[in-house]
Amino acid sequence: MSVNDLPQVAENSPLNKIKDYFSALQNSTEDYLFVVDYETNKILISDNFITDFDFPSNVVDDVSELLIPFIHAEDRETYEEAMKTALDEGDFESITCEFRLLRINGEYGWVNLRLSPCMNEYGEREFLSGVISRMDIEVKADFVTGLLNRTSFYNELEDELSDETHHGAVVVIGLDNFNVINETYGHHFGDAALRQIAQNITNVLPPDIKLFKINSYLFGMFMPDAMPEEVEIIFSSVQLCMREIRNVEDTIYCTASAGACFYPHDARDYITLIRYAEVALEIARQKGRDQICFFEKETYDRWRYDIGMQNLMQNSIARGCEDFFLCYQPQVNAKDGSLIGAEALLRWYDKDGSVVAPMQFIPMLEKSRMIIPVGHWIIENAIITAKKWQEYKPDFQMSINISLYQLEERMFYPFVKDCVERHHIDPHTLTFELTESQSVYDWEFVNKQFAEFHELGIKIAMDDFGTGYSSLGFLKNFTCNIIKIDRMFVQDILTSQFDRNLVKYTIMLCHSIGMEVCIEGVEEEDAYIYLRDECDADQIQGFFFGHPEREEVFVKRLQG
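Numbering follows the working numbering, with no gaps: position 400 of the sequence shown is 400.
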């Protein structure tokens, strides 16, 4: 039965009067429509109730009885109250409510119900109109820029890929640090700038290439028949149009990075292609921004490995750092080779149980700032171990690596102080090593943080001295107790007069300004003898005196 044929409805029913309008209306919307005759309680429903919910016909006696099983159990009371109010109360303009409705795909989706009474010429209620609208219908255009949005991008790219003979490029363009512009000038200015950027990019694209807005600061396009050289030329034009964004309020400068992949060479489905282009974009940003990178399988596999490793470490941290462990490398008195302490070194087991090289995972910990919770774990466990070992050697020294990111954490010093007090350890037996691999720009801040540790009694060491830049500047600006000279200056010390002089006079310089020196990477006896007798080093650390060892192995040095 169709809406135009209603044998169950009386001829003078308002449902018959409006059936033609109702039929036209239901064909122009995806909403679910119904009309209740107040006098007979007969209900006219739109065709999609029949197709989507298997309702028996266009006229039913109780729409609620049929619809309730499809409404989420937690929302049925909300729906029933709205319907009861609309049917029982005589004086209201409209009633709205929201609830979850079961879809054809078996999932619940939010909908909005709007109920409005319609009056006859005598001001009496004649019928009740109801509209159920899906709340998740996707808009196909971006509100700010006016560009077609992600949904449209997906749909049009999928159409392009449906012809297996087609080839071309998928390009994703990301604005570099545009969030800073929003934070500096406000979102009103930022929206105006985005509109101008979108227009500028559109203006430099060939007429047959369409620009889409994927998300806040991300644009996309696909270029049929394009080769890498053409993509690079077009992106160069995009870079030029981005150099200066003029606005009525101000002028801003913004750069863009991009990632690109090619179909069908890299993939044939739009989901994979867009993911590959976004990965290439991320790699372009990692390389310094304001450039384009093309997707490469080898780089992608390495990126996926890094992401997987990062997820594994996050899971490990959530479980109390259970896959991390510490090894300890001996530090000896350079004068007689006697053990004075150890450096605590972080190690990590991969999912297959193999030990991952520190240079693979530690930079990732620092970049993601996971080094902050892991750093707490390191300090806590190194102090516990040092306290135990001081039962054998009361003046045993423990060196612990810390990151600049940890210094920036507001609660870092209170945590360290609390840790020292809880475990009743003499802070003078602890040394914090700050690696020079971190670029330090604010010496005043770093020295202020370290001043608190100095007051507590903890010594400060500069790790890997000489491997970065401006090492003499570090000596001038960095308030520390110990300088650790990197192993690269020791490797050729027996054959290179230059290296011998460099190490010897660096030690003399450090001694002259009141700093001790620890030499890392000593692997041969002759090198140790030279450093001891000719260079007057204070401490030695290296394989000649011991490899990094687990706690249960290292403790035998003290017990023996």
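Be careful, since some hints might not be right.
[To be verified] Just the calculated beta-carbon pair ranges, DEER-fashion:
#, residue 1, residue 2, range
1, K351, S512, 26 to 36 Å
2, K351, D191, 36 to 46 Å
3, E81, K287, 55 to 65 Å
4, D191, T29, 25 to 35 Å
Hints in this document: simulated from the structure, not taken from any laboratory. For each residue, glycine too, the CB sits at the ideal point set by N, CA and C.
Comparing the hints with the structure gives:
{"no.": "1", "hint": "K351 with S512: 26 to 36 Å", "verdict": "51 Å, violated"}
{"no.": "2", "hint": "K351 with D191: 36 to 46 Å", "verdict": "45 Å, holds"}
{"no.": "3", "hint": "E81 with K287: 55 to 65 Å", "verdict": "58 Å, holds"}
{"no.": "4", "hint": "D191 with T29: 25 to 35 Å", "verdict": "31 Å, holds"}
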